[in-house]
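Since each chain comes alone in its own frame, lean on the hints to assemble the complex.
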Amino acid sequence: MRHTKIYSRILLAALLLSAPFAHAGESGATVKAEELKAEPFRDAKTIGKLAAGDKVDILKKDGGWLQVKSAKGSGWVRMLSIRRSAARKTSAAAEVAGLAGLASGRAGTGRVVATTGIRGLDEEELKAAQYNESEVTLAESYLTSRADAQKFASKGKLAARKMDYLPDPAAGEKR
Amino acid sequence: MSRVTEIFLLGLALMLSLVTAQAFNLDELKSKAGEFKSKADELKKQGKSAGLVAYSEEEEAAIGRQIAGSLLGAAPLVKDKALQKYVNNVGRWVASQSERPDLAWHFGVIASNDINAFAAPGGYIFVTSGMYRLLGNESELAGVLAHEVGHVIRKHHLKILRQSQLVDQGGKLLTQQAGGNDAIRKLIGNGAEIVSRALDQNAEFEADRIAVVLAARAGYDAYGLPQVLQEIGHSSGDSSVALLFKTHPHPDERLNRLDSAMADRFDGLKGQALAGRFYRIK
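The listed protein sequences correspond, in order, to chains A and B. Note that numbering that gives the first Met the number 0 has the first sequence beginning at 0, numbered continuously upward. Note that numbering that gives the first Met the number 0 has the second sequence beginning at 0, numbered continuously upward.
The following block holds chain B by itself, in its conformation from the complex (with noise of 0.2 Å):
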């Protein structure tokens, strides 16, 4: 049953005991209960155009431009063209190991200290260049974009749109390309807030095991995402890293779960690490 009707039905169960006590006239309570099936149905179409049905992939794609959009706002790209080439062709090249393979990917850096990384839907995902500052390898690089991908794939933000203050939201989602989008503005609030929002822990966890297997899929040594957690789980009390454990369980519980998640499944599995043509930022 969904969400919807089972508020409704809770709903008129309760409005129909306080008739029930209030109306002693027959015609009264008629009138009442007709009165309750179209607000019902009028919540239902709300419900419908809110989102609770599954979004299409080209409203799923404008929301994650205008979110894009939002976090670019915030932090530009880094100005650095074969830097930003080469997150592509990893970025591309790991999500081509996805069950989306030809969404129309977009990778980018940011210019922020924080050491940080953010999907939207649609397929748009940027790192701070704080955190490629700390990459030691393509692998690495591979092992944190994968993560993102693994939120795009499974639709971890759009599951937080359709939970979240939605319900009064009308109308279709129009898909116009330039200059941002009311409606869709209208349903992610202003700015890139839904991206500073933390995810359910079990989804983190979701995309870590995604992001092992992609890197593994995709040729790369599997730990390169591990060895980044490493690094990132000892810079606690950094300001740098702030946002990050707000958003995100501690790296230390998310190298617990991959540990158990990953037991002896990559043993004797080798991949590449390419230290060689990683691409050091200047």
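Looking at chain A on its own, in the form it has when it is part of the complex (with noise of 0.2 Å):
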């Protein structure tokens, strides 16, 4: 029995490390016509060719690339070339309090705490709020100074390089 309840405990740590990396189970389709890379770069070997509303199942993620299995074969392809159709985790706690909001009626009044103590936040809650000035202080007091945050940076190895704004593309079409 002790013995079971270990497996299963490492088997929930595995599960829990892995989480942030495997994308196992989610599916999407392509919303244009794409090739499918043996590498997530642009200048990889094309191994194949989708077209657009291809289903295909998303293994791995890596920068602005995704890994995914298609009937037309697997390979690596443009991540903003692809639109999920199934959530990452459902948010059960914020079912359960949009659902209790919903029962309480509360956007009549806006003052109904949902079961869970945390209310959504709709416009008829925002209008009504009172100026709160401890949060604000408290808010205040979490400053992070400029050298603190390049600290932090450092610790996570993050390091700071030029780029420029990117034009609107739609500034074109317009005039």
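Quick caveat, the hints were computed from the structure, so don't treat them as lab data. The C-beta atom is built at its ideal place from N, Cα and C for all residues, glycine as well. Heads up, some of the hints might be wrong.
[As the list claims (entries may be wrong)] Some, not all, of what chain A presents toward chain B, calculated at C-beta under 7 Å:
| no. | residue |
| --- | --- |
| 1 | Gly-63 |
| 2 | Asp-121 |
| 3 | Lys-126 |
| 4 | Asn-131 |
| 5 | Glu-134 |
| 6 | Tyr-141 |
| 7 | Ala-152 |
| 8 | Arg-160 |
| 9 | Met-162 |
| 10 | Leu-165 |
| 11 | Pro-168 |
[Claimed, not checked] Derived contacts from chain A toward chain B, CB cut-off under 7 Å, selection only:
| no. | residue |
| --- | --- |
| 12 | Ala-37 |
| 13 | Thr-143 |
| 14 | Tyr-164 |
Structure representation (structure tokens):
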């Protein structure tokens, strides 16, 4: 019995650890015709072609690329050419709160507390909100200085680099 | 030509034509013209004080503080100091890559199951705990915060304030710090209504373009925000995204725009996702 418990804990730990990397079970479809690449970069060998609307299973993510499996083969495709069709995780708590909100007619008063103790945040509630000085003061107490942010970045091996802002692609169409 | 001047000239032309139709007496005409001129001067003065000229950085911070306080009145901070320090670290690092690195940037996670994020002038930025729970790594948090930083540095909310019903607002804004601010409350209305208002769609697309660049400049995987948009994209119909969907273009459309804007500019640019040190909310 004890062993079973330990094994199940190890299994749980393994699942939790792999969660950020695995996209198993997720699927999506291409929004435009795309090339399947052997590796996650533009100059990699093209190993297949997908048409717009082709269904894919998502295996892995690497920067702007997704490794996918499709009826036409497996390979890497640009993330922005794919739209997911299934959620990574359904937020059970959010759904409970949403349902509680509907059932209680929250929109009418903006004062009903959901069973979780946490409310949604709709227009009515924002309009009715009362200024809360102590919360602002608390929020301000967490300020990180520019220098401390730099230290935090270094710890994560984040190095600043130069890059220009992107032009608006729609700007050319106007006028 | 400023908008006030335009409106004034239009009004003057209209009224003069009425006057000439009515007044045959030259003296009367003269006195009317004088009246119009003083009216116009008054209007001009009001226009200036209503913020048709730029707000000072002090005024901007005071406006933002009032909005932040009202937002926090609707949804308080999650009481988890380590979490709040963590988002301030990530947020400040991202904001440091912008052209306003020295604003007093404040970030926070507020207790709400709604999936949303908010920015107020002066550098007050909040994400809901519902949004935070959707995130899988630090680069995704950086992307979401960077979008809001984009609104602040381009002063998108201040522009709304300037355009809305403010012409009757007189007097210079006071910048007292404690207890809320009556002059500012008059300006922005009650509560945190302004953050529930939709910005111009182009402002949202612009903030998205800024976000991926700030994330990349900060050393992160630039695709953090697109990843989050992918997540939110198939949540339509869920009540937790109702306000977000109402005030933003559909995530699919935002992804389309990002796709054309980013094109191959980020190819070969590796960044960190930092899933390992991402702070998991309790």
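Outcome of the hint check:
1. Gly-63: holds (5 Å)
2. Asp-121: holds (6 Å)
3. Lys-126: holds (5 Å)
4. Asn-131: holds (4 Å)
5. Glu-134: holds (4 Å)
6. Tyr-141: Tyr-141/A check passes; min Cβ-Cβ to chain B is 4 Å, inside 7 Å.
7. Ala-152: Hint on Ala-152/A: holds, closest Cβ of chain B at ~5 Å, below 7 Å.
8. Arg-160: holds (6 Å)
9. Met-162: holds (5 Å)
10. Leu-165: holds (4 Å)
11. Pro-168: Where the cut-off is 7 Å and the nearest Cβ of chain B is about 4 Å from Pro-168/A, the hint holds.
12. Ala-37: violated (15 Å)
13. Thr-143: With a minimum Cβ separation of about 4 Å from chain B (threshold 7 Å), the hint on Thr-143/A holds.
14. Tyr-164: holds (5 Å)
Comparing the model with each numbered hint stated earlier shows that hint 12 is the single one that does not hold.
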